[in-house]
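Q: Given next are the chains, with one letter for each unit.
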Amino acid sequence: MRPFQYQRAHSISDASTIAALPEAMLIAGGTNLLDMMKLQVATPSQLSDIGRIGLDGIQDTPDGGLRIGALATNTATAVNPRVRADYPVLARAILAGATQQLRNKATTGGNLCQRTRCYYFMNVEQPCNKRDPGSGCGAIGGVNKLHAVLGTSDQCIATYPGDMAVAMTALGATVVIATGKGTERTVPLSDFHCLPGDTPWRDNVLEAGEVIVAVTLPPPVQATQLYRKVRERSSYAFALVSIAAVIAMDGGKFTRADFAFGGLAHKPWHDPRIGELLVGAPPSPELFDQAADLLLEGAEGQGDNDFKIPLARRTLHAVLAEAVEKAA
Amino acid sequence: MPDELIVNGTPYPMPEDPRVTLLDFLRHDLGLTGTKKGCDHGQCGACTVIVNGLRINSCLTLAAMHEGHQVTTIEGLGIADEPSPLQRAFVEHDGFQCGYCTPGQICSATAMLDEIANGWPSDASKTLDGPFEASGEEIRERMSGNLCRCGAYANIVAAIRDVAESEPAA
Chain A
0 MRPFQYQRAH SISDASTIAA LPEAMLIAGG TNLLDMMKLQ VATPSQLSDI GRIGLDGIQD
60 TPDGGLRIGA LATNTATAVN PRVRADYPVL ARAILAGATQ QLRNKATTGG NLCQRTRCYY
120 FMNVEQPCNK RDPGSGCGAI GGVNKLHAVL GTSDQCIATY PGDMAVAMTA LGATVVIATG
180 KGTERTVPLS DFHCLPGDTP WRDNVLEAGE VIVAVTLPPP VQATQLYRKV RERSSYAFAL
240 VSIAAVIAMD GGKFTRADFA FGGLAHKPWH DPRIGELLVG APPSPELFDQ AADLLLEGAE
300 GQGDNDFKIP LARRTLHAVL AEAVEKAA
Chain B
0 MPDELIVNGT PYPMPEDPRV TLLDFLRHDL GLTGTKKGCD HGQCGACTVI VNGLRINSCL
60 TLAAMHEGHQ VTTIEGLGIA DEPSPLQRAF VEHDGFQCGY CTPGQICSAT AMLDEIANGW
120 PSDASKTLDG PFEASGEEIR ERMSGNLCRC GAYANIVAAI RDVAESEPAA
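Protein sequences appear in the order of chains A and B.
All residue numbers for the first sequence refer to numbering that gives the first Met the number 0, where the first residue is 0 and numbers rise by one.
All residue numbers for the second sequence refer to numbering that gives the first Met the number 0, where the first residue is 0 and numbers rise by one.
Calculated directly from the structure, the hints in this document are not laboratory data.
Beta carbons are placed, not taken as given, at the ideal position from N, Cα and C, and that holds for glycine.
Among the clues, some could well be false.
[Unchecked claim] Coverage of chain A stretches by chain B, computed from C-beta distances (three or more under 8 Å per stretch; other residues unrestricted):
#1 29-36
#2 68-82
#3 90-96
With the hints as extra help, turn the sequences into a complete structure.
A: In structure tokens form, the structure reads like this:
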């Protein structure tokens, strides 16, 4: 690792002051950041350890929802009794990711901010517009099995690698951000991550000096919640395609159908048109095909990842069939 | 805040260079070479230690982040004359060949049995509510962060099951 100054933040305000400096970074669990620092993909000159500023609580909100602190570990969230009872898709998504050792360190905020595992991004010998703007994209025309098929640009085809945020997106979560000016702002999680466009180095909407303080979930609804993750081995692998689904039915028709998709794009993919299509309609294979058509509108394979397009279609069919069976 | 880190019950002064990972602190500064460096990127689990009761990859954390914390390494679980139940079971079941991954496997499994006893679910669990059993399927999922390149997995699972069955979850 390159030399850096280490200090421990004692408050959100401390963290924010450091986060505003151009070569400084915050460290929480550190499992992604230290990996990148060893590879010199990340070379901060200052690290501010925010591990002891609180923010690790998981509390009921006045409206019956749940507020998950930015420093709550993935393990703490997945085993939380309310998450297990009311937001099982979130517990399932977290448990489907990484390993217990990593989940014991990984935090809510860090997980939202984790960076792509694109092979070219993670290798400083390779071109990457995200890591080194203007250097090109090695993945386009290169090895790109894990890469995106939706929302790509001619500068970057990386995927957001996480599972937790996919489930949170389907649940309609909101990110609570301290602005560093003594105020907070909130951003729907579906708007938190960016598409690569012509600014692929930008993963999310956080501005300099801003610090994630929590994610809030809306009150739970009676619904079937499913997380299906398709991967190359049955444990400790990133998603090729994953689907978080929150589905309710009444009288043989969908009354709620919220989805988010992992492994397909630079962010947890969320297309509200799918839910709008389904709600009010009775389930049928034709309807599921129309839902998949909407999801995959404009999908473009890059060669090695062409399989993701039919795989996403089949996985959506399977999740819908399972949800209908359970919700009926 | 004490300017020290407690390893196997003994306090040690923190390293001066903030770049020192917990793994390098244990091995280089303290000479506790039971904990192994495999991939150094959190992929193999050879460096697994238990910090404040939770298993973590010591390669992906800075010693500085653990000031005042309680670290347990393989050296703290047992010694040759008084092995821990899992250490004994790994010997009895031939749960290794070269032995390089073994300290990480045993630290990981030690914490894993506590997780099952605590009623924590895994990706292999049919429901999210416990109690959970240390079945072969559960053990394989819960131990997926510990690789064994000799491929002693069958005997590792047998060793863990043996201990889980002789010390049933509370």
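Q: The region 29-36 of chain A covered by chain B? Criterion: 3 or more residues, Cβ-Cβ distance below 8 Å.
A: This one holds; 4 residues, not fewer than the three required, reach chain B with a Cβ under 8 Å.
Q: Please verify the coverage claim for the region 90-96 of chain A: does it have three or more residues whose C-beta sits within 8 Å of some C-beta in chain B?
A: holds (count 4)
Q: Between the region 68-82 of chain A and chain B, are there enough contacts, at least three residues with CB-CB distance under 8 Å, for the coverage claim to hold?
A: holds (count 3)
In terms of the numbered hints stated before, the structure departs from none.
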